[in-house]
Amino acid sequence: MEPILTQDGTPTLFHPRYGEAYHPRQGALLQARRLYLEKTLTHLHPAPRVLEVGLGLLVNFRVTLESTLGRGVYLRYLAVEREPLPREVLARVRLPLPRAEEVFAEILKGWPNACFLGPWGELRILFGEVEALELPQDWATAVYLDPFSPRVNPGPWSLPVLKGLHRALRRGGRLATYSAQGVFRRALKEAGFALHRVPGVGKREWTVGIALKPPPG
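For the sequence shown, the UniProt record's numbering gives the first residue as 1, with consecutive numbering after it.
The set of hints was computed from the structure by calculation and includes no laboratory data.
As the structure is a prediction and not an experimental result, all values here were calculated from the model.
It is possible that part of the hints are untrue.
[Unchecked claim] Pairs of lysine-lysine, DSBU-like flavour, derived with a Cα cap of 30 Å:
#, residue 1, residue 2
1, Lys163, Lys203
2, Lys213, Lys189
3, Lys203, Lys189
4, Lys163, Lys189
5, Lys213, Lys163
All chains should be modelled from the sequences, with the hints used to inform the complete structure.
Here it is in structure tokens:
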């Protein structure tokens with residue numbers, strides 16, 4: 001897989017088996033900032049704990065890390081990844097994030113270890129299908145739901161997984177995702193999230209779910 005440039009000048013990759021790119025053509029960096037970092041209010045949180053489904057190229061992680069490093073905040077980041085990319089592929093996807101890229105270079109030296117620690121915070125990775133993994137309960141302040149689309153990768157968007165993500169969030173925590181699919185949104189509501197439709201970039205809407213009450217059942 002070779003990097004392809006998105007419209008904001010940052011690279012992404014095209015996955016031949018799924019037939020989709022890891023990021024929208026409008027911009028890998030733009031989506032990470034505007035959707036995942038800002039719509040979950042992680043850019044304002046004094047002690048963020050992020051749970052990401054679909055670590056991919058670590059773009060969302062690096063954007064979040066750049067924010068916390070700039071604010072002097074310790075980041076706890078837990079990611080689920082079924083298909084970790086080779087180190088040499090990740091090394092070709094560089095971003096204009098000077099603080100985070102220094103940490104990313106150190107992470108690549110140990111990739112694909114399951115745990116990375118430093119004065120910046122911690123990155124822990126659960127390798128496998130999110131449907132089969134046990135997630136921590138009442139842990140996350142934000143969930144970044146960023147796997148390939150429900151059309152080609154339905155498992156991470158299923159009701160059992162969404163219920164697990166709800167349990168993983170602390171009260172008031174936010175889940176953000178690029179998908180606006182109707183079936184997914186109905187499942188998100190059934191899982192106990194308060195559903196919010198927010199304007200997207202490059203598409204009409206993104207989706208934010210807020211964990212305002214305990215999950216049903």
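Here's how the hints hold up against the structure:
1. Lys163 <-> Lys203: holds (26 Å)
2. Lys213 <-> Lys189: holds (12 Å)
3. Lys203 <-> Lys189: Holds. Lys203 to Lys189 sits at ~21 Å (cutoff 30 Å).
4. Lys163 <-> Lys189: Holds, because 10 Å separates the two Cα atoms, which is no more than 30 Å.
5. Lys213 <-> Lys163: holds (12 Å)
Consistency with the previously given hints is maintained throughout, with no hint failing.
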